[in-house]
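Colleague: Residues per chain are reported as follows:
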Amino acid sequence: MAEVPGQEVNAEQGVFQGLTIVDVSGSVATSYAAKLFADYGALVINLEPAHGFATRKLSPLLANGDSAMHAYLNTNKHSVVATQSCLMDEPTMGQADLVIYDPESLSPAGGLSGAETNTCAISWYGLSGPYNGMRGSDATIQALSGLMRGIGQPEGPPMIPPGFQAQIIGGLSAFNGALGHLLAQRMGNRCAPFQLDASILEANMCFTDLAAINAYLGNPLPPRMGINRFPPTYPLGIWPCKDGWLGVTNLTPGQWKAFCKLLELEHFADIELFQSSISRLESADILEPEILAALSNHSAEDLFYRGQAMRIPLARVPTMEELFEVDQYRSRQAFSQVQAAGESFAAPSTPFRLFATPPHFGGPVAELGAHNRIWNSGHE
Amino acid sequence: MNKPLEGLRIVDLTMGWAGPLATRSLADMGAQVIKVESCERFDWWRSWEATEAWIADDGAEKSPQYLSVNRNKLNVTLDLEHPRGRELLLQLVARADALVENYSGGVLPKLKLDYAHLIETNPQIVMVSMPAFGSTGPWSEFRAYGSTVEHSSGLPHLVGQPDQPPTMQHVAFGDAIGGLNGTAAILTALWHKQRTGQGQFVDLSQVECLLPLAAQGVLHQSVHGETPRRYGNDHPEHAPYGVYPCQGDDAWVVIQVTTARQWEAMQTLIPELAGFGDLASRLQQRENLNATIAQWTAQHSSEAAMHLLQSKDITAAKLNNGEDLLHEPQLKDRQYLQWLERDYVGLQPNASAPFRTEAAPIPIESPAPTLGQHNHFVLEDILQLSESEIAELAELGIIGTKPRLPKTQSP
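Top line first, the protein sequences correspond to chains C and E. The first sequence begins at 1 in our numbering and counts up one residue at a time. The second sequence begins at 1 in our numbering and counts up one residue at a time.
Because the hints were derived from the structure by calculation, they are not lab data. Source: prediction; values computed, not measured. Each residue gets a CB set at the ideal place from its N, CA and C atoms; glycine is no exception. Incorrect hints may have been included.
Rough simulated footprint, nothing fancy, chain E against chain C, three-plus residues with beta-carbon under 8 angstroms [to be verified]:
1) 148-162
2) 214-220
Capping the alpha-carbon separation at 25 angstroms, the derived lysine to any residue pairs in SDA-like fashion look like this [stated by the list, open to error]:
3) E:K3 / C:T117
4) C:K57 / E:P236
5) E:K3 / C:P193
6) E:K3 / E:L383
7) C:K261 / E:E49
8) C:K257 / E:A53
9) E:K312 / C:R135
10) E:K110 / C:Q328
11) C:K257 / E:W48
12) E:K62 / C:N219
13) C:K57 / E:H235
14) E:K193 / C:H360
15) E:K3 / C:Q185
16) C:K261 / E:W44
17) E:K3 / C:L19
18) C:K257 / E:E40
19) C:K57 / E:T259
Which bits of chain C does chain E cover? Going by a derived footprint, with three or more residues having C-beta under 8 angstroms, they are [what the hints assert, rightly or not]:
20) 174-187
21) 233-239
22) 302-314
23) 350-360
Extracted from the complex, chain C is given alone in its bound form (with noise of 0.2 angstroms):
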């Protein structure tokens, strides 16, 4: 990683040192938002009941039949089986600065009410509202918020996003609102604990807010395009090339001309109807055929590579398997080793980077129960 000139290592690692989050129910939002404590150095229990966390037996699994999922969302924790019927006997909700949950998972016995400390509820749809108690999924997420919608071929169906995109999402906006509760109460603007309320669907709304602005404002999106051709941008999309995928965006008249320039294309460039992205998208059937026959020449890489030297916004679409082997992200260790049941395994790092104090870098797992004996008998 490059110095920043003038930067003062703080010899003591981890922010959140001294913080102490307990999550009790261990959904991947819970999870992730705990995380992301703990990447930086807080003290975070997984409070499991006797069969541990639903994530434990998220795919993919190592060999032994442990999960990696799990293992990713959950390195440097600790691990604690429940044992008390009333979830607040816990020995370890009493140090908690912090409690976040899943309110589906709670049961009445283990509730957390008279709680006189931070909670932090991650749901599908929100503590309140006529959907609160409806079943929700990642899916359903990207179906109410109107992401899905937009996904896919004008005929449909539009397409699911795979894997936990929106819990992920939910998660890091849980993270944020209680953080900035934390830091209120550090700064002396709140003394009394708070209850915090997190919506998955709301802060997945983060993509599509603007779409209901726009509807409101009279300018709706028109229907889905197709798959990777959104309004208002063109070209965009992600196109084969010799060898490979290039990611493609053109914004401005500027970068239009340049590109045209790089595919060799430049009888289009001065166009005055093509200088525009919305009237480009609205020629697309015109241009597109000769942009690909003209992609289908090059090496993706060299068309990005060459097309960036140009100021125009390429990008390689790398595989996953490729992914390892960029060397942006290889030199900025945006993978780390995550350890566990005997195997090292490659999982996305922290995304920001505190240059003074920064975040652990992969990390072990605790196994269900690992720390029992510390915190069943008394903090040390």
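Since chain C is already given, all that's left is putting chain E on it; use the hints.
Modeller: Just chain E now, kept in the frame of chain C:
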């Protein structure tokens, strides 16, 4: 009662979507966020195709995308290429807790406003830099938008049908995620500063912000040494699972049956499903299964289908579009959209912060400011300039309230 982040001052040099969204969250929680633009180098999110006609029509004040990510902020214009403008920015930095920027690599060093220069003025400042690929490495100065960030993350290789190209999810997917991570980065550094009094440099790569969203694919590749398959709307372990057509034009419902109990409930709703057997059998007959379900969903509106399925505890949701979001009962009940009057555009909906501590969302205090709206407040009240000094700045074009076309445009 104080607002959570009241007392914090953030200098905001961000433009576009990601950076302003990062600082918007801080402004929502009560931090004083001072957005700095110049009349020539104004936020390109106002328009990337600015013309004289657009300026004459006050287009700079009407951009919905600009208005949506800049509410609750103050706005000051300063020409940072002019020595006096630069000096005034440094005076603001001296009185601030943090500065956030997402300029193209090389711009701030050229202006002598990079971290090394800022800490000469304020050694405790937190500086958050959030370029597309991060501030280090061979691509640190490469140009990107939210779409480029999505392309570069590898995520498109996990989305869509196996026989289709790698599939994007959004026109600017990387922006929103970069913005949320930007908030996280600033708050983390401010927490450290609150504890220790020390500021620092924070580096955020917007592409790396997308990697957690691709985690399952990344882990599959790393653990199994093979490229993960794309399944389209199918699920390798569950059926029925997919997006089904409903009554009406482009109307759909997503249905995910992942437990035996849900499958039993499906059969009570759709008796024709009875012959499809156990999970292994259903996975084998997926096409027929989906067709049978589609016959049922096509008889219902997406809203009715969702509620019928949810009443049986089956995971389902209608697919909304932008217009639908305005009427979405859950969002309406939680007052997710807040309505504020704004000069030039009138009454506008604004999206609430996605977290709250009260029954109502965090109130949005003010709409996005107009260009240079708070010049006097910032220069007079915060920087203690006199009226005549401010008038001189206006005369020199260092401050202003109307955009001008730059000599060379470089969003």
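Colleague: Are the hints correct? Go through all of them and say.
Modeller: Status of the hints after comparison with the structure:
With a cut-off of 8 angstroms between beta carbons, the segment 148-162 of chain C has 12 residues touching chain E; three or more are needed, and the interface restraint holds. Three residues within the 8 angstroms Cβ limit are the bar, and the segment 214-220 of chain C against chain E gives 6, so the coverage statement holds. A distance of roughly 19 angstroms separates the Cα atoms of E:K3 and C:T117; the hinted pair therefore holds under the 25 angstroms criterion. Of the pairs offered as hints, the one joining C:K57 and E:P236 holds, with about 15 angstroms between alpha carbons and a cut-off of 25 angstroms not exceeded.
Of the pairs offered as hints, the one joining E:K3 and C:P193 holds, with about 14 angstroms between alpha carbons and a cut-off of 25 angstroms not exceeded. With a C-alpha separation of about 24 angstroms, the suggested pairing of E:K3 with E:L383 holds against the 25 angstroms cut-off. Distance restraint check for C:K261 and E:E49: the Cα-Cα separation of roughly 20 angstroms lies within the 25 angstroms cut-off, and the hinted pair is therefore satisfied. Taken as a hint, the C:K257 and E:A53 pair is honoured in the structure, with Cα atoms around 22 angstroms apart against an allowance of 25 angstroms.
At most 25 angstroms may separate the alpha-carbon atoms for a hinted pair to count; E:K312 and C:R135 meet this at roughly 10 angstroms. Under the criterion of a C-alpha separation no larger than 25 angstroms, the hint pairing E:K110 with C:Q328 is consistent with the structure, at around 23 angstroms. Our distance criterion of 25 angstroms between C-alpha atoms is met by C:K257 and E:W48, whose separation comes to about 15 angstroms. Taking the CA atoms of E:K62 and C:N219, the gap is about 13 angstroms. The hint holds against a cut of 25 angstroms.
Taking the CA atoms of C:K57 and E:H235, the gap is about 16 angstroms. The hint holds against a cut of 25 angstroms. Only pairs whose Cα atoms come within 25 angstroms are accepted, and E:K193 paired with C:H360 is accepted, the gap being roughly 19 angstroms. For the suggested pair E:K3 and C:Q185, the alpha carbons sit about 11 angstroms apart, so the restraint of at most 25 angstroms is met. Of the pairs offered as hints, the one joining C:K261 and E:W44 holds, with about 24 angstroms between alpha carbons and a cut-off of 25 angstroms not exceeded.
Simply put, E:K3 and C:L19 have alpha-carbon atoms about 22 angstroms apart, close enough for the 25 angstroms limit, and the pair holds. A distance of roughly 22 angstroms separates the Cα atoms of C:K257 and E:E40; the hinted pair therefore holds under the 25 angstroms criterion. A threshold of 25 angstroms between alpha carbons decides the hint, and for C:K57 with E:T259 the separation of about 15 angstroms falls inside it, so the pair holds. A count of 13 residues in the segment 174-187 of chain C with a Cβ less than 8 angstroms from any Cβ of chain E is obtained; the coverage claim is therefore met, three being the minimum.
Residues of the segment 233-239 of chain C with a Cβ under 8 angstroms from some Cβ of chain E number 5, which satisfies the need for three, so the listed coverage holds. For the segment 302-314 of chain C, the stated coverage by chain E is satisfied: 5 residues place a CB nearer than 8 angstroms to a CB of that chain, which reaches the threshold of 3. A count of 7 residues in the segment 350-360 of chain C with a Cβ less than 8 angstroms from any Cβ of chain E is obtained; the coverage claim is therefore met, three being the minimum.
Checked against the numbered hints given earlier, this structure breaks none of them.
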